[in-house]
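Chains L and U, in that order, are what the protein sequence lines are. Quick note on the working numbering: the first sequence kicks off at 278 and runs consecutively. Quick note on the working numbering: the second sequence kicks off at 715 and runs consecutively.
Among the hints, a few may not be true.
Which bits of chain U does chain L cover? Going by a derived footprint, with three or more residues having C-beta under 8 Å, they are [unchecked claim]:
#, stretch
1, 834-845
2, 854-868
3, 871-879
Since the hints were made in silico from the structure, they are not lab data. Just so you know, even glycine gets a beta-carbon here, dropped at the ideal spot from N, CA and C.
One letter stands for each residue in the lines below.
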Amino acid sequence: MRRALLVVALVVTGHLAVAQDPTPFANVDRETALRLTRIVDSARAHGLPTEPIVAKISQGALFHSSPERIVSAAQSVATRLEEARSALAPKPTPADVVAGGDALGVAGVTKTALQAVRATSPNRPVVVPLAVLAQLVASKIPVSRATEIVTGLIKRGATNEQLVALGNDVTADIVRGARAIASLDVRLQGLNAVLAPGAVNTTTSDPVGLTSGSGPKKP
Amino acid sequence: MTDVERDPMLRRALEELRKVPPPDVAAIRRVVAAAAAARVTPIEGEPDVVRVPRGRSIRLWMAVGIAAASAFVGFTLRGAWTSKPDAVPVAAGSSTVQATRSTLRTVATTELEPAAIPHQFVFNSSHAHRVSVVGDFNRWNPASTPMTSDGELWSVTIPIVPGRHMYAFMVDDSLFTLDPTAPKARDPDLGADGSIVIVGRP
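Only chain L is shown next, with the shape it has when bound in the complex:
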């Protein structure tokens, strides 16, 4: 009996160990694999985070994208990471670079927008502000307006939680059928009330009460 249990335990343990393979393997040819490897190696050699590139390759493989498209996608991610690092200089964290690279992948987001966020928050991680900026722009908010909102909220002491809530609330409203601009106005009214009671014009033509109020007031 004990021997039988031992054999079963060994078989199960070995099977579980083998089943841990996390790689959704792509059926790419050797040349493509080498090209992808070169892209990853090059990014790493330049001090860029490589995880987004590897994730993109994996995504392409899962979606059965053509080898050429996977290579192109990997190269694009590497390029955006480089641009993001440049825009977020002088000392962006790897996570900042990843968030910046993702933001630059959203149509409309520019290096200038990233630089504006960095200038507003020079000594703090900007992962969350960049994520919210990217999502607002992806939700059809003009990039200039989205940048004003995010930088304005940072200046007024908005927490990352409040920024995330704004981004998620607006996108949720849009999913429910609301217009992006209308949702943004409503959500900003609530946020402005928390940050600086009595201040602000929440229409989309003005920044988020940047010059009003007596300073940040956190809940």
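Following the hints, put chain U in place on chain L, whose structure we already have.
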């Protein structure tokens, strides 16, 4: 010259002392008998582990050791001994690719510094047999994050680093489905749609 070498009396005395006396068999028997009588008997209620025959204990340890060795061999054979995010999703059989795997590990462990935040994904389907969530946070690996069902709702809660993440649900290992409750976005590089979630820490 030492005192012993100079003095014949001392030399003789030492020689006498160095002689081994003949064994006293009777004395040895008395000592052994006394030791046997004084041997400590097991205490009433003493844990069974003390009485377990040594052979059984060794077999259990052997089983644990062999199981650990088996697990090690399994992990090593599939290159999964290190943490999950370290594998490179490219073709097998390339030595260059293998080399890249090892070099990526160091980078991957440090580049995403923000602490991960638990996030729950929920998918509504009473017909699915198997559902998992795939996204950039798990390298789009369908085997990485399986969801569990209560009969209708599938869910899983996993730690995700702060940021904006694209994801989708994989149903029955073949069908990609977007999250109807989340905004969607088109991947700029691959052209596929995905659901979006923003994760942040207070």
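task: Against the structure, test the hints numbered earlier, and report the numbers of the ones violated in rising order.
output: 1
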